[in-house]
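J.: Following the hints, complete the assembly by docking chain F onto the known chain L.
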Amino acid sequence: MHYFDITNSPSAFGKDFQKKLGFKKILNVTEDVEIVENLSNQPKKPFLIMSPNPNVVYNLIKSRWAIGLLINGEEPDQKVLNKIKENGKLLVLNAYYLTIGERDRVSKVQKLKKIFRNAHKGKTKTTIISLAPNPNYLLSFMQLFEIAKMITTDEHQAKVMLGSLGEAINDIEEKE
Amino acid sequence: MILKRKSRYLLAEASVPLDLSDKRIWDELRGAIAKFIGEKDYADSNITFIKQTDPTKFLLRTSRGAEKKIVLALCFVKQINSHEVGFYTLKTSGTIRSLRSLQNPT
Numbered sequence: 001m002h003y004f005d006i007t008n009s010p011s012a013f014g015k016d017f018q019k020k021l022g023f024k025k026i027l028n029v030t031e032d033v034e035i036v037e038n039l040s041n042q043p044k045k046p047f048l049i050m051s052p053n054p055n056v057v058y059n060l061i062k063s064r065w066a067i068g069l070l071i072n073g074e075e076p077d078q079k080v081l082n083k084i085k086e087n088g089k090l091l092v093l094n095a096y097y098l099t100i101g102e103r104d105r106v107s108k109v110q111k112l113k114k115i116f117r118n119a120h121k122g123k124t125k126t127t128i129i130s131l132a133p134n135p136n137y138l139l140s141f142m143q144l145f146e147i148a149k150m151i152t153t154d155e156h157q158a159k160v161m162l163g164s165l166g167e168a169i170n171d172i173e174e175k176e
Numbered sequence: 177m178i179l180k181r182k183s184r185y186l187l188a189e190a191s192v193p194l195d196l197s198d199k200r201i202w203d204e205l206r207g208a209i210a211k212f213i214g215e216k217d218y219a220d221s222n223i224t225f226i227k228q229t230d231p232t233k234f235l236l237r238t239s240r241g242a243e244k245k246i247v248l249a250l251c252f253v254k255q256i257n258s259h260e261v262g263f264y265t266l267k268t269s270g271t272i273r274s275l276r277s278l279q280n281p282t
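As given, the protein sequences belong to chains L and F, one line each in that order.
For reference, each letter of the first sequence is one residue, going 1 to 176 in my numbering.
For reference, each letter of the second sequence is one residue, going 177 to 282 in my numbering.
Next up, chain L with everything else stripped away, as it sits in the complex:
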């Protein structure tokens, strides 16, 4: 299985470096993917939706370019989760939300665990990305896997979680 990560770094990372970290490819926001917050612009490349507004999510999630809904610890509505599932998209958890600071980390982990549990109950696929704004916050596959394990509390679920981003990106590339 091929694993992918998404970062928010201004500089792209070399292929050797990406391979060394254990990823097939590290996608970069603005270069390879976009983060869309409203309906005014819909890019013609893969994008993550980041909006608290359910209407924006309902509209954007239908797009073939949508990877899924990016969340930072805010619990999505059950209807939103169902919409994500219906369209075969992902609920994308942000590891940077955990690594950014020590403060409230325990409650942040609990929030992500709860979000994962709710999504898993409703059979909505989830994934996790590093969304690192600079190389200091970048994570290797092994590290991202351990964070996923901490959230899912299960090795198999963690593997599924990391693999689902690759599947979503491959799906988008095939449709292209």
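Rather than coming from a laboratory, the hints here were simulated on the basis of the structure.
Backbone N, C-alpha and C fix where the C-beta goes; we use that ideal spot for every residue, glycine too.
Any given hint might turn out to be false.
Short, incomplete list of chain L residues facing chain F, as computed with Cβ under 10 Å [stated by the list, open to error]:
| id | residue |
| --- | --- |
| 1 | P52 |
| 2 | V56 |
| 3 | W65 |
| 4 | N134 |
| 5 | P135 |
| 6 | L139 |
| 7 | M142 |
| 8 | I147 |
T.: Okay, now just chain F, sitting in the frame of chain L:
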């Protein structure tokens, strides 16, 4: 009867050059790890700095079973010696030899 302690070796890389043979820096790193995993797990992990293979890469030894906690703890260490830093765990193995392909010996 002599009990053999089973170890795991961990190859990690820092995002910036870092001299872990400097005792102050190593103490700060293991302090940060201990803070994350807790004193009991830290004591059980038997974490030891083995060597620096290049300015950013280094080898650590831990007890078998504790390496996953160390991998996770390294995700959350973002400052050493008041400098911003990040750590990437590249590989863990039961022998140093199998990590050789990923390290650049000096």
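J.: Would you mind marking each hint as holding or not holding in the structure?
T.: Here's how the hints hold up against the structure:
Interface hint status for P52/L: violated, as the beta-carbon distance to the closest one in chain F is roughly 27 Å, over 10 Å. At a threshold of 10 Å, the smallest CB-CB gap from V56/L to chain F is about 31 Å, leaving the interface hint violated. Because the beta carbon of W65/L sits about 30 Å from the nearest beta carbon in chain F, more than 10 Å, this interface hint is broken. Evaluation of the N134/L hint against chain F yields a held restraint, the C-beta minimum of about 8 Å falling below 10 Å.
With its C-beta approaching chain F no nearer than about 4 Å, P135/L sits inside the 10 Å limit, and its interface hint holds. Against a cut-off of 10 Å between C-beta atoms, the interface hint on L139/L holds, since the closest Cβ of chain F lies about 6 Å away. With a least beta-carbon distance of about 5 Å to chain F, the hint placing M142/L at the interface is held under the 10 Å criterion. A least Cβ separation of about 6 Å between I147/L and chain F falls short of the 10 Å threshold, and the interface hint therefore holds.
Hints 1, 2, 3 from the earlier list are contradicted by this structure; the remaining hints agree with it.
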